[in-house]
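Residue numbers (my numbering): 396 to 680.
Simulated from the structure, these hints should not be mistaken for laboratory data.
The following label-pair restraints were derived from C-beta to C-beta distances:
1. 598 with 542: 22 to 30 Å
2. 598 with 530: 26 to 34 Å
3. 520 with 599: 43 to 51 Å
4. 521 with 487: 27 to 35 Å
5. 435 with 614: 39 to 47 Å
6. 465 with 511: 28 to 36 Å
7. 482 with 603: 47 to 55 Å
Beta carbons: idealized from backbone N, C-alpha and C, even for Gly.
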Amino acid sequence: MPELPEVEVTRRGVAPHIEGRRIDALVVRNGALRWPVPGMLADILPGARVQTVGRRGKFILIGCEGEHAHGTLIVHLGMTGTLRVHQRGAAEPALATHDHVDLVLDNTLLRYNDPRRFGAILWHAHSDGPIEDNRHLRALGVEPLSAAFAGETGAQLLYRESRGRAVAIKQLLLGGHVVVGVGNIYASETLFRAGIHPAAAAGRIALARYVRLAEAIRVVLALAIDKGGSTLRDFVGSDGRAGYFQQEYFVYDREHEACRVCATPIRALRQGQRSSFYCPRCQRR
DNA sequence: AAGGTAACCTGACTGC
DNA sequence: TGCAGTCAGGTTACCT
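Construct the complete structure from the given sequences, taking the supplied hints into account.
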């Protein structure tokens, strides 16, 4: 589910409810996520305060400071994870299936639910070095909505990093080593808006076409955030509300339907065991 | 080093 | 109704 827009919608929803609050407990009902939730977290977090709620790529970064905890809680939503904010007390909802972890704050409950358990909750202590050197973050590309990807610099980055690469442009985007946050849905959508075929060899795409692609990435991700993300099956923001960017899709999951620009039937293809969708007339190699 | 594939896991849906 | 097969928003480990 969650690509950068969904993660950012979650981060924005969570931040005002937990920043500055005191952590009372971390309750782990099922710690068998992509990696085990570190058992020591339940011991060191109580009493600490949440300082910041940030994001790097699709990772949510919760900075914590306390007597025994100086570091960052790293939360990834995987394919099906959600983080929901609830008030503590009488209105607290009953436990649902796959409610694996609660971060219990002084007046708020932050509840992690993840049916497939592809997500992760990890810890990076300040004593382990800068967070950007964390093993999950160090190889990530630039943030698409940051100055490092703005204007011509984003296009030049894509152009420079792709020279000599035979990989398909769709795969290069999904890899996240050049620019982060573009997952399977937004890769298809941004390539459509840039007029680039998903199977085009990244190393043979001209700079002018990367100018269009970089612009499409910025526009689509920002618009998706505005719309509360995409809800295909189960994504909800921290307040439980679904996103509605899926209403804006041009190609994703629209095989055989008419292109919204030229009415040609949308096609699907398989790249690296993932589905790609494209318009054979609007998008060229 | 780059590129391809399998793996992790549950649930929804399709076809027989 | 049931059962087998396929697919789903991500990332990493392990091959060649």
